[in-house]
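Student: Single-letter residue listing:
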Amino acid sequence: MADKMELKEVEVWDGNLASAHSLRQAQVDVVAAYPITPSTPIVENYAGFLANGYVDGEYVMVESEHAAMSGCIGASAAGGRVATATSSQGYALMVETLYQASGMRLPIVLHVVNRALAAPLNVNGDHSDMYLGRDSGWIQLDSFRPQEAYDLGLMAFKIGEDHDIRLPVMVHQDGFLSSHTAQNIRPLQDDVAYNFVGEYKPYNAMLNFEKPATYGVQTEENWHFEHKARQHFDLMTKVMPKIKSVFAEFENLTGRKYKIVEDYYMEDADIAVIAMGTTVETAKLSARIARKSGLKIGVIGIRVLRPFPFDEVAEILKNVKAIGTLDRSSPNGTVGMLYNEIAGAMLGIGKAPIMRNYIYGLGGRDITVEMLKNIYNELNEDAIAGKRLGAVQKFINVRGPELTFLGK
Amino acid sequence: MAEEKKIKNLKSFSTSADRFEGANLLCPGCAHSIIVREVLNATNDDLVISASTGCLEVCTAVYPYTSWDASWIHIGFENSATAVTGAEAMYKALKRKGRLFQPERTPKFVAFGGDGASYDIGFQWISGAFERGHDFMYVTLDNEVYANTGGQSSGSTPIGASTTTAPAGRVSYGEKRHKKDMMAIMAAHGAPYVAQVAPNKWKDMVKKIQTGFNTKGPVYINAMSACTTEWKFPASDTIAVSDIAVDSLVFPLYEIINGTELNITYRPKNIIPVRDYLGVQGRFKHLFQPENAHLIDAWQKRVDAHWAYLQKREEARV
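As you go down the protein sequences, you meet chains A and B in turn.
For the first sequence, numbering that gives the first Met the number 0 gives the first residue as 0, with consecutive numbering after it.
For the second sequence, numbering that gives the first Met the number 0 gives the first residue as 0, with consecutive numbering after it.
Please note that a few of the clues may not be correct.
[As the list claims (entries may be wrong)] Okay, derived cross-link-like pairs now, DSS-like style, lysine-lysine, Cα gap no bigger than 25 Å in a straight line:
1. 96/B x 210/A
2. 258/A x 243/A
3. 91/B x 200/A
4. 3/A x 94/B
5. 200/A x 94/B
6. 256/A x 243/A
7. 283/A x 317/A
8. 3/A x 91/B
9. 200/A x 210/A
10. 5/B x 200/B
11. 4/B x 206/B
12. 3/A x 96/B
13. 210/A x 241/A
14. 210/A x 91/B
15. 200/A x 96/B
16. 4/B x 210/A
17. 317/A x 258/A
18. 317/A x 393/A
19. 94/B x 210/A
Derived by calculation from the structure, the hints in this document are not laboratory data.
All chains should be modelled from the sequences, with the hints used to inform the complete structure.
Tutor: Right, dumping it as structure tokens:
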């Protein structure tokens with residue numbers, strides 16, 4: 000039996016330590032892991048908990064991220080609670096197994112500390128890895144600061160492990176900006192956290208020898224499509240209601256309110272920006288300042304990236320005149336992911352607001368309040384003019400002549 | 000203590016409980032199914048089995064059917080060792096936490112992979128699993144070729160074999176590289192038990208599998224799997240070809256305990272020339288053309304040298 004840890008009402012944790020505590024409190028049965036910057040401290044902290052008797056599950060230090068997720072898949076299919084953490088290149092190495100985990104409907108929790116993808120090699124935070132996994136069939140939750148990495152870390156188990164869902168869940172946070180930034184965290188006490196997450200309830204466990212299960216079968220054109228269709232059906236119809244109910248339960252317990260789409264200053268907004276990760280926090284601050292000079296700017300943070308909240312986002316944006324989508328990943332030949340999704344959501348309700356796509360912060364490049372204010376002003380001018388006055392896509396804070404694409 | 004099956008003869012073997020069904024899509028004459036049955040039949044304990052992508056996997060778990068009356072998982076080509084050791088880790092965790100479904104049982108964890116999955120693409124995953132010391136058995140179904148995808152060379156393909164990626168032709172005698180010595184590599188991991196087996200020598204094989212199951216820690220089994228399709232011999236001759244492979248010492252039967260104690264477990268009374276082994280397989284047909292005669296001589300010398308090496312190691316205990 001693992002020892003309990005006395006926690007103060009307010010702890011000073013960075014995002015990695017917050018994530019590690021969420022794994023400890025959920026009493027994960029197997030963690031199979033491989034270290035990679037900037038998520039390494041999650042597994043280091045977890046190893047420390049193990050070494051001091053605060054965890055009594057198995058900790059399997061494997062030889063690569065591909066093996067980490069492979070081990071997680073075997074462990075999860077065997078019938079217990081499983082989690083791990085990774086970033087960037089490690090995440091990219093895992094991609095094959097990410098699809099296998101979700102296809103086998105195994106509710107593994109993966110903490111992804113977002114980081115750029117090489118080449119050129121870069122250890123800092125952007126959203127390239129998060130975007131890489133967005134078709135992998137996982138639920139993707141996005142935190143904007145360390146407290147949320149902890150909260151969502153607990154909620155992830157409750158969402159994914161539900162027998163109506165049975166899907167793996169990623170909890171994202173920004174490399175360094177969240178993972179290595181110490182902030183005040185309000186943790187739950189161990190018993191409260193564990194009771195919230197709940198006992199793991201096995202489903203078709205390989206270790207139930209009275210009912211042997213076959214995992215990872217072959218299907219060709221005769222059955223493959225039905226399997227994928229059912230997974231998509233569950234993602235499109237069952238997951239959002241489940242997330243909402245877990246968010247509500249968490250709010251009852253802690254008073255901390257989470258929404259599928261987080262919105263700030265949107266009630267009377269004429270213009271809005273959409274962001275993810277720590278940038279949501281910067282955009283909020285920048286919007287507060289900009290509002291003092293009369294700009295009716297609102298901010299939207301995407302809390303649930305997969306399944307994508309089309310209805311929720313369109314509802315919030317339906318009266319907005321100009322929208323800026325902020326993508327922290329190189330789209331390499333097209334518009335950013337958020338631009339695509341938001342445009343689709345708006346078109347779906349018959350709206351065609353002015354839309355721009357800002358590519359920013361690649362490889363950990365800073366985005367400042369001032370830069371965001373410039374974006375807000377640009378969008379505001381569009382809104383006043385009733386048309387887009389510049390190109391669709393613009394790169395922010397990059398050296399050389401201005402980089403704009405798709406129109407002038 | 001693990002429960003061993005007591006099988007006295009082939010008749011009792013053929014009628015023993017079967018957790019691997021004959022209803023599968025493997026080629027007639029495929030040695031894989033014989034090997035798998037011999038492994039599974041060596042114990043009455045519960046089994047958690049993993050398989051790498053390959054012939055065994057695609058032929059035995061085609062939705063909505065399964066040939067396995069035992070817990071079974073396939074993830075990908077390279078990671079069957081990690082899949083089953085993940086399950087083994089979960090077994091240990093749940094045992095410690097008192098949450099096993101049937102706590103009195105003593106399950107065995109077995110991974111199967113072809114030689115492509117073992118010698119090539121999955122090598123790192125096997126090495127990692129052995130380093131970690133999981134209590135499991137890894138069985139390579141060694142047919143010396145990527146058979147599932149139609150006969151491409153693998154790290155186990157021997158020199159002179161004609162494969163689709165190293166075909167014999169007007170100016171080529173086929174595969175130029177030597178077969179990798181996986182037995183030595185796995186023994187060098189310090190694995191407590193490493194053995195080479197052949198399904199035709201079933202008593203030797205069952206004994207080794209049972210030794211493996213009774214060994215704590217990672218066990219490596221290299222199982223010769225004569226492939227009627229890619230070695231190109233009649234489907235009815237699988238056991239006859241296997242006999243020649245063992246009696247010509249191309250596939251010597253031996254075990255290595257704790258990385259050092261090597262025991263030869265079968266010494267043929269009449270050693271058959273390697274030429275006869277090569278001669279019964281279409282993949283070596285071109286070696287019998289006059290310009291390739293030196294390759295057959297080299298084959299014989301290599302097999303002789305390896306046999307001498309094994310005997311020296313057996314004697315030296317190092």
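Student: Taking the hints in turn, state whether each one holds.
Tutor: Here is what the structure says about each hint:
no., hint, verdict
1, 96/B x 210/A, "holds (21 Å)"
2, 258/A x 243/A, "holds (7 Å)"
3, 91/B x 200/A, "holds (17 Å)"
4, 3/A x 94/B, "holds (20 Å)"
5, 200/A x 94/B, "holds (16 Å)"
6, 256/A x 243/A, "holds (11 Å)"
7, 283/A x 317/A, "holds (20 Å)"
8, 3/A x 91/B, "holds (21 Å)"
9, 200/A x 210/A, "holds (16 Å)"
10, 5/B x 200/B, "holds (16 Å)"
11, 4/B x 206/B, "holds (10 Å)"
12, 3/A x 96/B, "holds (15 Å)"
13, 210/A x 241/A, "violated (28 Å)"
14, 210/A x 91/B, "holds (20 Å)"
15, 200/A x 96/B, "holds (14 Å)"
16, 4/B x 210/A, "holds (22 Å)"
17, 317/A x 258/A, "holds (18 Å)"
18, 317/A x 393/A, "holds (24 Å)"
19, 94/B x 210/A, "holds (18 Å)"
Of the numbered hints listed earlier, the single one contradicted by the structure is hint 13.
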